[in-house]
Every structure is written in structure tokens, then in C-alpha cells.
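Participant: Assemble the complex: chain A is given as a structure, and chain B must be docked to it using the hints.
The listed protein sequences correspond, in order, to chains A and B.
Per my numbering: the first sequence = residues 14 to 355.
Per my numbering: the second sequence = residues 14 to 355.
Worth flagging that the hints you see were computed from the coordinates, not collected in a lab.
As the structure is a prediction and not an experimental result, all values here were calculated from the model.
Mixed in with the good hints, there may be bad ones.
Remember, identical chains collapse to one label, so a pair may be satisfied in a single copy or spanning two.
Below 35 Å or equal to it, Euclidean Cα-Cα: the simulated DSBU-like pairs (lysine-lysine) are [claimed, not checked]:
1) 318 with 255
2) 126 with 318
3) 345 with 255
4) 345 with 159
5) 259 with 126
6) 273 with 263
7) 273 with 126
8) 140 with 159
9) 263 with 126
10) 159 with 126
11) 247 with 140
12) 126 with 345
13) 247 with 345
Single-letter residue listing:
There are 2 protein chains.
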Amino acid sequence: MPLVKEERQSMMEPILTVTPVQEFPLANEGGNRIWIKRDDLLPFSFGGNKVRIAWSFLEDCLARNCDAMIMYGDRRSNLCRVLSSMCAAAHIETIMIETSEHEESSRMPFNEKMIRLYGTRILQCRKDRIADTVDRAFEMLREEGKRPYYIYGNRFGTGNEGTAVDAYVKACPEILQWESDTGNRLAYLFTACGTGSTLAGLTAGMLEARSKVSVIGISISSRSSERAESCLNKAARAWYEKEGRKVPQKLEEALHVETKYNCGGYGIVDQRVTDLIDRVFLETSISLDPTYTGKALQGMLDYLKEHEIRDQNILFLHTGGLPLYYDYLAEKALPGDTKEAE
Amino acid sequence: MPLVKEERQSMMEPILTVTPVQEFPLANEGGNRIWIKRDDLLPFSFGGNKVRIAWSFLEDCLARNCDAMIMYGDRRSNLCRVLSSMCAAAHIETIMIETSEHEESSRMPFNEKMIRLYGTRILQCRKDRIADTVDRAFEMLREEGKRPYYIYGNRFGTGNEGTAVDAYVKACPEILQWESDTGNRLAYLFTACGTGSTLAGLTAGMLEARSKVSVIGISISSRSSERAESCLNKAARAWYEKEGRKVPQKLEEALHVETKYNCGGYGIVDQRVTDLIDRVFLETSISLDPTYTGKALQGMLDYLKEHEIRDQNILFLHTGGLPLYYDYLAEKALPGDTKEAE
Numbered sequence: 014m015p016l017v018k019e020e021r022q023s024m025m026e027p028i029l030t031v032t033p034v035q036e037f038p039l040a041n042e043g044g045n046r047i048w049i050k051r052d053d054l055l056p057f058s059f060g061g062n063k064v065r066i067a068w069s070f071l072e073d074c075l076a077r078n079c080d081a082m083i084m085y086g087d088r089r090s091n092l093c094r095v096l097s098s099m100c101a102a103a104h105i106e107t108i109m110i111e112t113s114e115h116e117e118s119s120r121m122p123f124n125e126k127m128i129r130l131y132g133t134r135i136l137q138c139r140k141d142r143i144a145d146t147v148d149r150a151f152e153m154l155r156e157e158g159k160r161p162y163y164i165y166g167n168r169f170g171t172g173n174e175g176t177a178v179d180a181y182v183k184a185c186p187e188i189l190q191w192e193s194d195t196g197n198r199l200a201y202l203f204t205a206c207g208t209g210s211t212l213a214g215l216t217a218g219m220l221e222a223r224s225k226v227s228v229i230g231i232s233i234s235s236r237s238s239e240r241a242e243s244c245l246n247k248a249a250r251a252w253y254e255k256e257g258r259k260v261p262q263k264l265e266e267a268l269h270v271e272t273k274y275n276c277g278g279y280g281i282v283d284q285r286v287t288d289l290i291d292r293v294f295l296e297t298s299i300s301l302d303p304t305y306t307g308k309a310l311q312g313m314l315d316y317l318k319e320h321e322i323r324d325q326n327i328l329f330l331h332t333g334g335l336p337l338y339y340d341y342l343a344e345k346a347l348p349g350d351t352k353e354a355e
Numbered sequence: 014m015p016l017v018k019e020e021r022q023s024m025m026e027p028i029l030t031v032t033p034v035q036e037f038p039l040a041n042e043g044g045n046r047i048w049i050k051r052d053d054l055l056p057f058s059f060g061g062n063k064v065r066i067a068w069s070f071l072e073d074c075l076a077r078n079c080d081a082m083i084m085y086g087d088r089r090s091n092l093c094r095v096l097s098s099m100c101a102a103a104h105i106e107t108i109m110i111e112t113s114e115h116e117e118s119s120r121m122p123f124n125e126k127m128i129r130l131y132g133t134r135i136l137q138c139r140k141d142r143i144a145d146t147v148d149r150a151f152e153m154l155r156e157e158g159k160r161p162y163y164i165y166g167n168r169f170g171t172g173n174e175g176t177a178v179d180a181y182v183k184a185c186p187e188i189l190q191w192e193s194d195t196g197n198r199l200a201y202l203f204t205a206c207g208t209g210s211t212l213a214g215l216t217a218g219m220l221e222a223r224s225k226v227s228v229i230g231i232s233i234s235s236r237s238s239e240r241a242e243s244c245l246n247k248a249a250r251a252w253y254e255k256e257g258r259k260v261p262q263k264l265e266e267a268l269h270v271e272t273k274y275n276c277g278g279y280g281i282v283d284q285r286v287t288d289l290i291d292r293v294f295l296e297t298s299i300s301l302d303p304t305y306t307g308k309a310l311q312g313m314l315d316y317l318k319e320h321e322i323r324d325q326n327i328l329f330l331h332t333g334g335l336p337l338y339y340d341y342l343a344e345k346a347l348p349g350d351t352k353e354a355e
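The shape of chain A in the complex, shown without the other chains (with noise of 0.2 Å):
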């Protein structure tokens, strides 16, 4: 007798409730006040972000009457977690595609474990040979007689870009009703920025409803400001092409990523970020990771001091990542053990 019955769905519908925004109550010189938005609170594998964009690429691949899904990403990739975490919900075959330079470190990401845990099979490969490893999924899976999709659209990882869009362009909705529901008008909004799926879908959400919040992203990766320009551009393109939507004379000034903020590049870190995450955790609970949250709330906070912003409501989006947090936390050695014998 199985576990769990057919009908599982049920387990799914409820995920996508409105996250709570709260008044976090970091101190800053321009007497702004600072609300954070409480996506890693989505209540589906450990929240955040990737809650939403998951769920959007499994909405598109039942809707192409797929039954398999092809992914790809780093080892401590959020986004693959929480999608081998719905796939095996819905008894969707998965396989991710990675790249990862392996460090030396013997620990196992959490992501990388929970990903396996959920049974989603790992093809490894270098960067130079992503397009035939996706042949060779879509092969491997085909032979099983399923139907795959690639959450990235063709080999070349071009085609899909407007699905992850559009789950932020629908995540506005609740922010604007917030703003309605207290009378706090935002003035900024801003989030962590890698890939800027994210980024791109706040900001078409923000212009489709003519909000005058301007939305930043912070980078949380090494690419220049064009290649990032470049990216959310297209992405955001990508969305309005998919819903047949006229693209705006605006949307090119709208698209805003700040790249000074990366401390250098994906995965790297400074003391003030890790300083901020602990005093953040010490004083709200709240958990940030240093690879995407933590930096991004870093470079907010000196965006707004650089750019002299003062007395404005502003927003983060906590886009979650609550293993990242854990890992963080299993590699931390502890100032001085205060332990004390009777």
C-alpha cells in the first residue's frame, strides 16, 4: 500500500498563499523605513522564490502535456531543490544537469543532498558540453518513454525565459494590495539578482500596474552590467512576447541592476556581509545566506546610503534559500566556547 494517495495535488494548491511583509527594523541613516517581504515563508520546501518560478515550470510542463522535466543548475541550487521537491510530489521523472566546479570541501551542499533525496538523477558535465548533456537527457528520458521538457526551452538554454518571469509579474498583485492595505507607498523595491527572472518579472508586474516604484536588483554574481542588462532585457522580452503584451517604451529604463555590490562574484563573500547576516539573525531571527539574501540586503542598504535616499518606504524580498542558511551555519566555527563546567 503507498504512502501517500493518488490525488496529490491537493498537496500543492496551498503553497502559494501571500507571504507576510513586516517592518524589519534595520537602522539606517536616512530614516527610511525598511519592510521585508517574506517569500522565504512560501510554504513549500523550505520557501522562497523559487516557491513561485517552480511552480510556474510545472504549470508549463503539464500544460505541453509533458512528464518528465530536464534541469539545470549549481549544487546549491535553490530552484532545483524546490523543483525535484514539487516533481516528485507529482511523479515527474527529473534530471539535472550541473556544472559545478567541485571544491575541495568534503560537505555536501543540503540542496545537493535534498536533491538527490528526492531521487532526481545528476548528470555532471563541463561547461563547454551543456547543449549535448541536454541531448542527452532528453535521449535518456525519451528511451523511458517519457516526454520531456527543459525548463530553459532548447539545447541552448533559450526559448523559456518568459515562465519564470511571469511568476513575479504575478507576485505584484500582493505587494500593491499590501501598499493599498497599510497606505505605506513604496518608493524602492529591491531583490537579489542572479539569473533576474525575479528582477525581470517585479519589474514588468510593477509596470503593467503603472506603480511608480522603482525596482532594483542587486547582483549577487560576477557579470558585467551589460551581460546583465543584456539578460533581463530578454527575459523580460521573453514575457511579454509569451503573453502577447506590447513592450513598453519604459521597460528598458525600468530594468535596473546595480552591479558594484558582488563582492566580487557568485559565491564569494566579505566579513560586512557575514557581519550582517549574523546581527540579522541575532536580532530578528530572520535567516540570510551569504550567496544571494545577505549580499543583497548589503548592497541595498549601501545603495541607499550612496544614493542619499531619505524618509522613503523601501521593500526587500527575502527570496529565501533557507538551506543556504544551513550550510552557512554547518561550516561556521563559534567565537569561544562559552560552556562552563558545574
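Facilitator: This is chain B only, laid out in the frame that chain A set:
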């Protein structure tokens, strides 16, 4: 300039949100509908029943005009972690008395690690020296000019049972509201039972509301039935006394703890429980832990079968304990490396 503003009470106000109830797609032979109340999602310090209970202690501490807290628990204690977190946010000094017998394992449990990160001072002692160590903690804090509060009352750990119980009396209206909103009338409500505060609170709360639901605790420790029932009774009566209410005649009959599903004692677990944890995680993304929730859920399934309970609505309270899931995951060996080299 401090990171965090002084008025940080605002960070703690929104933590007692109404938690979702989801249908839990657990197959069971009796055709029961099983629901899960996600108190693991309470939005503070990784959630769990201890968020409600810690909040109750903190309110009591402040009401008594105290400004330092003494707590007692195991190094894996969820309560001590949440209390440390809440007190750090409220700038309240904390001392934890800890009597764990330390195993040879070199890994520090995540809860202990966080308790230390929050700045809680830890006093270790033998189990026969707790009262003396409570005295010592009081002295230390008084010498620092503080007014200490001990969560368990006097030096023998009695006199404050009602405060923790109150947290789950106050949670009962949420469950009743869910029944009324959905039209699902519950026959049984199950929860893990350690000290019994949660179970006593649910039982008293349901009695006060004249609900017909049977509240059943699955004991996760080696306490005998007699000892578990006596503790429960004491805790529930303390709540009635504290509230100045008459103890109902039905109380003793309504308090119900099952001790046969404890796998042999606190922290002891068998393969059925770990298999259940892995399968629930795989199929639903919900994380259970071996010490409390996993054992309690297996106990509930066994109870339903053994008592031939059929065609009923059953609610399982997920009491959280996420750091214990990560401990479990950190120590878990993966079944075979599925990596394939390209």
C-alpha cells in the same frame, strides 16, 4: 550606530499568525481524511509549537517586570533556541541550564549552535544538581543588576506550568474556526507529547470550547503512562488555577497520552520512523524529525490502525523543530552515489 532600531517589539508582533491546515495525502487503511496543521510554519525562528510557548513565557516575564531569563533544556532543545532568539530580539539576557549527556559525536546540534550564537550563556550540570544550578543562575544575573525569570518557576522547576499550557489553549480557536470554515468536523487531534504542555493546552482549550474532538498525545520519551499522565494533569490543573477557572470533571478522562509508540525512549528511533520521514519529505516536502514529529506521526498511524478508526477527519499538529531535521540530514548517509561522470 546600531544595526537595529530600539523598537523591535514590532518584529515580534506578527509571529502568531494563523497557521494553515492542509490535507495530508497519507494513505491509511481506514479511509480517514488526514489533515496537518502547519505550526512548523509560524514565522519566527524556524517555527514550531515552541514559538507560541516562548511567546507565552516572554509575555509572562515582562508582566512580572523581569529582564533576564533562565531556561532549562537539552542541547537539542527547540524551546531554548526559540527563547534565545526571542530574548535576543527583545534585549533580554539569557542563561540556559543544560544537563545533556554528551555523546562522542563531534557535531554540535544546530539548536545548540544557534543558542550560542544568540549569546545565551550555558551552564552545564549533572541531573542531580539542577536546583543548585538554578540558584547559581539567579545569583549570577542578580549580581549583574538583573531581575531574573525562570521559565519553570522555582528552583525545583515547579510553579509555572500554566504559562506554557496557555499557549495552546489560545491556539484552539484557530482549529475550531477551521472546522467551521471548511465544514470538516474533527474526530481526533494528535500531537507529539514531550513535557505535555502542548497536549494539556489543546485538551483544556477544547474542553473549554465544548468541542467533542479527542485530543491524543503520542509520547516521545520513556516516561511511564502514570508519570506522563500525572505531569499532564498537573500542567492542565495549573492552567485552570492560573486562570481562576473551575477544573471540569471531565478533565482527567480527556487527558490522553499514549506511551507505547516511543520506540524505547527520548531520542531513540527505529527504521519505520526514518522511512516515514524520508517518504513524507519525498512526497510532500514536509520535514519531520526523528525525535518528535516523525515518531508522533508514525504513532498516530499505528494508533488509527490498531483502534480501527475509519472514515473520520483526523488532524495532526506539526509542532516543528526544523533544526532537528537538518541535524538528521547532516548525519544521513546517502544511498549510493548516483553521480555520472560525463
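Participant: Next, verify each hint and record whether it holds.
Facilitator: Going down the list of hints, with the structure as the test:
In this assembly of identical chains, residue 318 and residue 255 lie within 35 Å of each other by CA distance neither inside one copy nor across copies; the values are 38 Å within and 51 Å between. Taking the shortest Cα distances, residue 126 and residue 318 sit within 35 Å of each other only across copies (33 Å), while inside one copy they are farther apart (39 Å). With identical chains, the CA atoms of residue 345 and residue 255 are never at most 35 Å apart, being 44 Å at best within one copy and 43 Å at best between copies. With identical chains, the CA atoms of residue 345 and residue 159 are at most 35 Å apart between copies only, with a shortest distance of 31 Å across copies and 43 Å within one.
In this assembly of identical chains, the alpha carbons of residue 259 and residue 126 never lie at most 35 Å apart, being 43 Å within a copy and 53 Å across copies at closest. Taking the shortest Cα distances, residue 273 and residue 263 sit within 35 Å of each other inside one copy (24 Å), while across copies they are farther apart (67 Å). For the identical chains of this complex, residue 273 and residue 126 are neighbours both inside a copy (32 Å) and across copies (33 Å), given an alpha-carbon limit of 35 Å. For the homomeric pair residue 140 and residue 159, the shortest alpha-carbon distance inside one copy (26 Å) is at most 35 Å, but the shortest distance between copies (59 Å) is not.
Taking the shortest alpha-carbon separations for residue 263 and residue 126, neither the intra-copy value of 43 Å nor the inter-copy value of 49 Å comes in at or below 35 Å. Taking the shortest Cα distances, residue 159 and residue 126 sit within 35 Å of each other inside one copy (25 Å), while across copies they are farther apart (45 Å). Taking CA atoms no more than 35 Å apart as the test, residue 247 paired with residue 140 passes inside one copy only; the shortest distance there is 22 Å, against 64 Å between copies. With identical chains, the CA atoms of residue 126 and residue 345 are at most 35 Å apart both within one copy (19 Å) and between copies (9 Å).
For a Cα distance limit of 35 Å, the shortest separation of residue 247 from residue 345 qualifies neither inside one copy, at 39 Å, nor across copies, at 42 Å.
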